[in-house]
Amino acid sequence: MIEPKVYREMGLNDAEYAQIVEILGRHPNYTEVGMYAVMWSEHCGYKYSRPVLKLFPTAGPRVLQGPGENAGAVDVGDGMAVVMKIESHNHPSAVEPYEGAATGVGGIVRDIFTMGARPMAALNSLRFGELSDARTRYLFDRAVAGIAGYGNCIGVPSVAGEVYFDDCYEGNPLINAMCLGLVKSDKIARSSASGAGNSVMYVGAKTGRDGIHGATFASVELSDESEERRSPTQVGDPFTEKLLIEATLEALNTGHIVGIQDMGAAGLTCSTTEMAAKGDSGMEVDISLVPRREEGMTPYEIMLSESQERMLLVAAKGHENEVKDIFEKWGLDAVVIGRLTDDGIVRIYDNGELAAEVPAKSLAEDTPVYYMEARIPDYIAQVKHFDKDELPQIEDFESVLEVLLRRHNIASKEYIYRQYDHMAQINTVVLPGSDASVLRLKGTGRGLAVTVDCNSRYCYLDPYTGSAIAVAEAARNVVCSGAEPAAVTDCLNFGNPEKPEIFWQFRQAVEGISAACRAFGVPVISGNVSFYNESQGVAIYPTPAIGVLGVIEDIERRCTSFFKNDGDAVVVLGFNGPGLDGSEYLKAMHGRVAGCPSLDLDKEKRLQACCLKAIRSGLLASAHDIAEGGLAVALAESCFNTEGSHGVSVEISSDGLRQDDALFGEAQSRILVSLAPSKLDKLMKLAAEHDVPLMVIGAVGGSNLIIDLDESRVIDLQIEKIESAWRGSIEEALA
Amino acid sequence: MKFGVVIFPGSNCDCDCCRVVEQVMEEPVDLIWHEADSVDGYDCIILPGGFSYGNYLRAGAIASHSPVMGAVKEAAADGKLVMGICNGFQVLTEAGLLPGVLQRNKNLRFICKFLHLKVEHNKSAFTNACSPGQVLRIPIAHDEGNYYVDPKVLAEMEEKGQILFRYCDADGMVSAEANPNGSLGNIAGICNREGNVMGMMPYPERSAEEILTSADGRLIFESVLRHLKEL
Numbered sequence: 001m002i003e004p005k006v007y008r009e010m011g012l013n014d015a016e017y018a019q020i021v022e023i024l025g026r027h028p029n030y031t032e033v034g035m036y037a038v039m040w041s042e043h044c045g046y047k048y049s050r051p052v053l054k055l056f057p058t059a060g061p062r063v064l065q066g067p068g069e070n071a072g073a074v075d076v077g078d079g080m081a082v083v084m085k086i087e088s089h090n091h092p093s094a095v096e097p098y099e100g101a102a103t104g105v106g107g108i109v110r111d112i113f114t115m116g117a118r119p120m121a122a123l124n125s126l127r128f129g130e131l132s133d134a135r136t137r138y139l140f141d142r143a144v145a146g147i148a149g150y151g152n153c154i155g156v157p158s159v160a161g162e163v164y165f166d167d168c169y170e171g172n173p174l175i176n177a178m179c180l181g182l183v184k185s186d187k188i189a190r191s192s193a194s195g196a197g198n199s200v201m202y203v204g205a206k207t208g209r210d211g212i213h214g215a216t217f218a219s220v221e222l223s224d225e226s227e228e229r230r231s232p233t234q235v236g237d238p239f240t241e242k243l244l245i246e247a248t249l250e251a252l253n254t255g256h257i258v259g260i261q262d263m264g265a266a267g268l269t270c271s272t273t274e275m276a277a278k279g280d281s282g283m284e285v286d287i288s289l290v291p292r293r294e295e296g297m298t299p300y301e302i303m304l305s306e307s308q309e310r311m312l313l314v315a316a317k318g319h320e321n322e323v324k325d326i327f328e329k330w331g332l333d334a335v336v337i338g339r340l341t342d343d344g345i346v347r348i349y350d351n352g353e354l355a356a357e358v359p360a361k362s363l364a365e366d367t368p369v370y371y372m373e374a375r376i377p378d379y380i381a382q383v384k385h386f387d388k389d390e391l392p393q394i395e396d397f398e399s400v401l402e403v404l405l406r407r408h409n410i411a412s413k414e415y416i417y418r419q420y421d422h423m424a425q426i427n428t429v430v431l432p433g434s435d436a437s438v439l440r441l442k443g444t445g446r447g448l449a450v451t452v453d454c455n456s457r458y459c460y461l462d463p464y465t466g467s468a469i470a471v472a473e474a475a476r477n478v479v480c481s482g483a484e485p486a487a488v489t490d491c492l493n494f495g496n497p498e499k500p501e502i503f504w505q506f507r508q509a510v511e512g513i514s515a516a517c518r519a520f521g522v523p524v525i526s527g528n529v530s531f532y533n534e535s536q537g538v539a540i541y542p543t544p545a546i547g548v549l550g551v552i553e554d555i556e557r558r559c560t561s562f563f564k565n566d567g568d569a570v571v572v573l574g575f576n577g578p579g580l581d582g583s584e585y586l587k588a589m590h591g592r593v594a595g596c597p598s599l600d601l602d603k604e605k606r607l608q609a610c611c612l613k614a615i616r617s618g619l620l621a622s623a624h625d626i627a628e629g630g631l632a633v634a635l636a637e638s639c640f641n642t643e644g645s646h647g648v649s650v651e652i653s654s655d656g657l658r659q660d661d662a663l664f665g666e667a668q669s670r671i672l673v674s675l676a677p678s679k680l681d682k683l684m685k686l687a688a689e690h691d692v693p694l695m696v697i698g699a700v701g702g703s704n705l706i707i708d709l710d711e712s713r714v715i716d717l718q719i720e721k722i723e724s725a726w727r728g729s730i731e732e733a734l735a
Numbered sequence: 001m002k003f004g005v006v007i008f009p010g011s012n013c014d015c016d017c018c019r020v021v022e023q024v025m026e027e028p029v030d031l032i033w034h035e036a037d038s039v040d041g042y043d044c045i046i047l048p049g050g051f052s053y054g055n056y057l058r059a060g061a062i063a064s065h066s067p068v069m070g071a072v073k074e075a076a077a078d079g080k081l082v083m084g085i086c087n088g089f090q091v092l093t094e095a096g097l098l099p100g101v102l103q104r105n106k107n108l109r110f111i112c113k114f115l116h117l118k119v120e121h122n123k124s125a126f127t128n129a130c131s132p133g134q135v136l137r138i139p140i141a142h143d144e145g146n147y148y149v150d151p152k153v154l155a156e157m158e159e160k161g162q163i164l165f166r167y168c169d170a171d172g173m174v175s176a177e178a179n180p181n182g183s184l185g186n187i188a189g190i191c192n193r194e195g196n197v198m199g200m201m202p203y204p205e206r207s208a209e210e211i212l213t214s215a216d217g218r219l220i221f222e223s224v225l226r227h228l229k230e231l
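So the protein sequences, as listed, match chains A and B.
Once you know that position 560 of the first sequence is 560 in this note's numbering, the rest is easy, because the numbers rise by one and skip nothing.
Once you know that position 111 of the second sequence is 111 in this note's numbering, the rest is easy, because the numbers rise by one and skip nothing.
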């Protein structure tokens, strides 16, 4: 019998322990308790989030694989599928940013090639405290270096991403890694293991003591002791991962692999029980056969190790050597460690001696589920009290714009993406810096647009609307690139779900995402939940990072956010309205985080349909989502074309809004476009058909950004000057 | 004209090179495994970019001892064309087939971006399709591209026309501002004294199609083909 202190430290409560005793009909041994503890942690078992996640729409005509596998998959035409997923690696990165971020990339990439897909692009969504803090600068710089070090080495281009800086992330940064891969639709590999007698093979790197209990570590709040818990962070070896990619794809191609799963969180425990459970099988494994890099490891340590770059696969009986030969050609271990049975029990032997005997489904599927209490947090009522008329008027709009362009949340992210190889595999036809990155699908004439997005300040102010906006904005970014949104993957980063206020945020966010996905007809095909993102008891802003994949039917009709031709008309397509709530302007100039961001899903849908049609019809020279910093910042960003900057001159009226709102407000459902004047009539017709307002505000040209507001010139700034400030701001903060 | 692209464990850009040779230049190409002991039958051998052996020890150091490198050295001695791109360039310097070394970038960070190269002259098997002084737009993506060579050797290389490409600005000015990584003399690409072995840090295969925003890299492959056809 296991002491309560022991299982409690592993993260199990008394009732859960009692449930294990009931399942087994006896007390579990130490190894078994460890296995249940990781599999029943929120990180692996989704015991708090599972009932809520059911709200997501997951079906659609393109969906080939929804949530529940290593990653989701959608049909992108010509018999090809894109496999996609996003995952968090927050807590390891808070303790050891380089390896934490690097292994985050490694883990998500394995999820993709485990499905038989060649990883074709990586993205990341990052959150840190403010760069004025020295430790934040260290975390930021090392995390970016870790992503670069791993991603560059494995030859998967990091094509897009987002980063925000806010004090709420100071003690608990977020590192979310996303990956997509390409596979023939009929060659998608799965993790289900079936066929008694088939061989269980361990392939890849050797097992060490690193990362033991990483999954449990992810399921507690960070504290001062977290620094002491370095053992839960894993160390990555991207070179081995690269070999594993090539060997695995080659081995899958033989057709002799029945099922395959990455050994990520909870290592061998997770892969053995989940694979067996999915295939209604049992499994017998002798862990004395597991290749190791340390001596004297106990069964508990081997079963719980989260050493990187390892996979478990089931090979058809009689074909083990063909699989083994391929891995050995790539210099990797491939060892038969056991076989499938048909009794649903996973038996772990250590040199012939039974070390654990557990029903697979009891760990992998019959996780305890908790219906948590949700309570609206007190702060919600406070932040809603926002009377914008009380805000002092700021007269000098030029300096406001200069301040906003330097804000790290708005400034160019090139300091980051310059360090990522974003061109490997020669598919990246729209490089990072535009609203979404665009990849061609070689040999098809089509392409993909990908982005990841989330304004968590909106989500803090109103988790439901903020999360819906995250979906809307990510979809809008993809649309601005000329793609039709096809699928969503989400990484839901929240505080401690055992607190009713946090659980309320979580539920609201999932409801908001679901509503937006339903409205746009875009399914959620995969994702990840990361709870316990708190430090010293204070939670991060709710941060549901939304990754969107879009399909471009004709790659020649892709679009970027940059102005291209002097003389082009500049147009705001969409719905003007008040937008100071939760804006970057409000935070930067007035020190306030308040208000209620709003979104009308129906208007948003019409806007996106209209913009997509306009791009597909070849009407637009550029399209740029109006987001943080409002119209003034959007205009500036469209001027900053790396292939040659342009100036712009516009005249707008505040039209019932405050003047600062007209310039810097972040009202949703607006897109800044430019086009040849001769095409304006067609665009107006299209806008009318979609019942979308359209305002011609000026023209591209000159070398300045000029804004006349209510017939007076409020901004007249040299592009060269503001562009270099915008480009250099993040690097300056680190110097 | 037959091309061979070597795969070391950790090579990343082998497929990109193959695509450009096969689809863009429409010439036959094979992949050559690092354990091959012969590279006979190929007119041009490409050592591609990537992280051979994880670039552990030093970039290109372990790969330079691969079995295939013995065969590549023989082919080079026979006058066959050998082209090292990025990591391939690093392998060639480590193998002693090209002079100098590639150190870490001056800013100690990986740099990925499009930039401009000035073609020093067009009397080389790798530049004959360019005009002298032509400015090419080709991207780099490397951590260790900071070229250094002994000043005496450099003087000799300059004299013999072994410098093929230098980093420059859009107008062709070779300046400190246009130097991304601290390379001596803004050097981006060189060849051996005989002119048949070339190494360059920028990636011509990443800019060989208009859709990739520049097709200038094609000129390198065209030069090779032109040279081979004239033989």
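These are computed hints drawn from the structure, not numbers from a lab.
Be aware that one or more of the hints could be misleading.
[As the list claims (entries may be wrong)] Computed cross-link-like contacts, DSBU-like style, restricted to lysine-lysine with a CA-CA straight-line distance of at most 30 Å:
| # | chain 1 | residue 1 | chain 2 | residue 2 |
| --- | --- | --- | --- | --- |
| 1 | A | Lys329 | B | Lys160 |
| 2 | A | Lys442 | B | Lys2 |
| 3 | B | Lys2 | B | Lys152 |
| 4 | A | Lys564 | A | Lys603 |
| 5 | A | Lys413 | B | Lys113 |
| 6 | B | Lys123 | A | Lys329 |
| 7 | A | Lys54 | A | Lys5 |
| 8 | A | Lys564 | B | Lys113 |
| 9 | A | Lys47 | A | Lys324 |
| 10 | A | Lys206 | A | Lys317 |
| 11 | A | Lys388 | A | Lys613 |
| 12 | B | Lys106 | B | Lys152 |
| 13 | A | Lys413 | B | Lys106 |
| 14 | A | Lys721 | A | Lys413 |
| 15 | A | Lys499 | A | Lys564 |
| 16 | B | Lys106 | B | Lys2 |
| 17 | A | Lys721 | B | Lys113 |
| 18 | B | Lys113 | B | Lys123 |
| 19 | B | Lys160 | A | Lys721 |
| 20 | A | Lys413 | A | Lys187 |
| 21 | A | Lys605 | A | Lys721 |
| 22 | B | Lys73 | A | Lys329 |
| 23 | A | Lys184 | A | Lys324 |
| 24 | A | Lys499 | A | Lys47 |
| 25 | A | Lys324 | A | Lys187 |
| 26 | A | Lys442 | B | Lys160 |
[Said to hold, decoys possible] Label pairs and their in silico Cβ distance ranges:
| # | chain 1 | residue 1 | chain 2 | residue 2 | range |
| --- | --- | --- | --- | --- | --- |
| 27 | B | Ile211 | A | Arg8 | 54 to 60 Å |
| 28 | A | Gly702 | B | Pro132 | 34 to 40 Å |
| 29 | B | Arg109 | A | Asp366 | 36 to 42 Å |
| 30 | A | Glu643 | B | Gly41 | 52 to 58 Å |
| 31 | A | Glu643 | B | Glu177 | 40 to 46 Å |
| 32 | B | Gly161 | A | Val235 | 28 to 34 Å |
| 33 | B | Gly70 | A | Gly331 | 18 to 24 Å |
| 34 | A | Lys682 | B | Gly41 | 54 to 60 Å |
| 35 | A | Leu289 | B | Gly70 | 46 to 52 Å |
| 36 | A | Gly702 | B | Asn107 | 31 to 37 Å |
Built from N, CA and C at the ideal position, the CB exists for glycine as well.
**Report entry** Satisfaction of hint between Lys603 (chain A) and Lys564 (chain A), Cα-Cα up to 30 Å
**Finding:** Answer holds: Lys564 (chain A) to Lys603 (chain A) is near 28 Å, not above 30 Å.
Query raised in the report: Taking 30 Å as the top limit, are the C-alpha atoms of Lys324 (chain A) and Lys187 (chain A) close enough?
Result: Roughly 20 Å separates the two Cα atoms, so the pair holds.
**Report entry** Assessment of proposed distance window 54 to 60 Å (beta carbons of Ile211 (chain B), Arg8 (chain A))
**Finding:** 59 Å, holds
Query raised in the report: Taking the CB of Lys682 (chain A) and the CB of Gly41 (chain B), does the distance hold inside 54 to 60 Å?
Result: 57 Å, holds
Query - Holds or violated: Lys413 (chain A) to Lys106 (chain B), with C-alpha atoms at most 30 Å apart - result: At roughly 21 Å apart (the allowed maximum being 30 Å), Lys106 (chain B) and Lys413 (chain A) satisfy the hint.
Requested in this report: Starting from the range 46 to 52 Å, see whether the pair Leu289 (chain A) and Gly70 (chain B) falls in it by beta-carbon distance.
Outcome: 37 Å, violated
**Report entry** Holds or violated: Lys2 (chain B) to Lys152 (chain B), with C-alpha atoms at most 30 Å apart
**Finding:** 37 Å, violated
Query raised in the report: Holds or violated: 52 to 58 Å for the Cβ distance of Glu643 (chain A) and Gly41 (chain B)?
Result: Roughly 42 Å apart at Cβ, these two residues miss the hinted range, so it is violated.
**Report entry** Hint check for Pro132 (chain B) and Gly702 (chain A) - Cβ pair distance inside 34 to 40 Å
**Finding:** With a Cβ separation near 37 Å, Gly702 (chain A) and Pro132 (chain B) satisfy 34 to 40 Å, so the hint holds.
Query raised in the report: Regarding the pair Lys605 (chain A) and Lys721 (chain A), is the alpha-carbon distance no greater than 30 Å?
Result: 37 Å, violated
Query raised in the report: Taking 30 Å as the top limit, are the C-alpha atoms of Lys160 (chain B) and Lys721 (chain A) close enough?
Result: 44 Å, violated
Report task. Mind checking the alpha carbons of Lys721 (chain A) and Lys113 (chain B) for me, to see if they're no more than 30 Å apart? Result -> 22 Å, holds
Going through the hint list in order, the structure does not satisfy hints 1, 3, 6, 7, 9, 11, 15, 16, 19, 20, 21, 26, 29, 30, 31, 32, 35.
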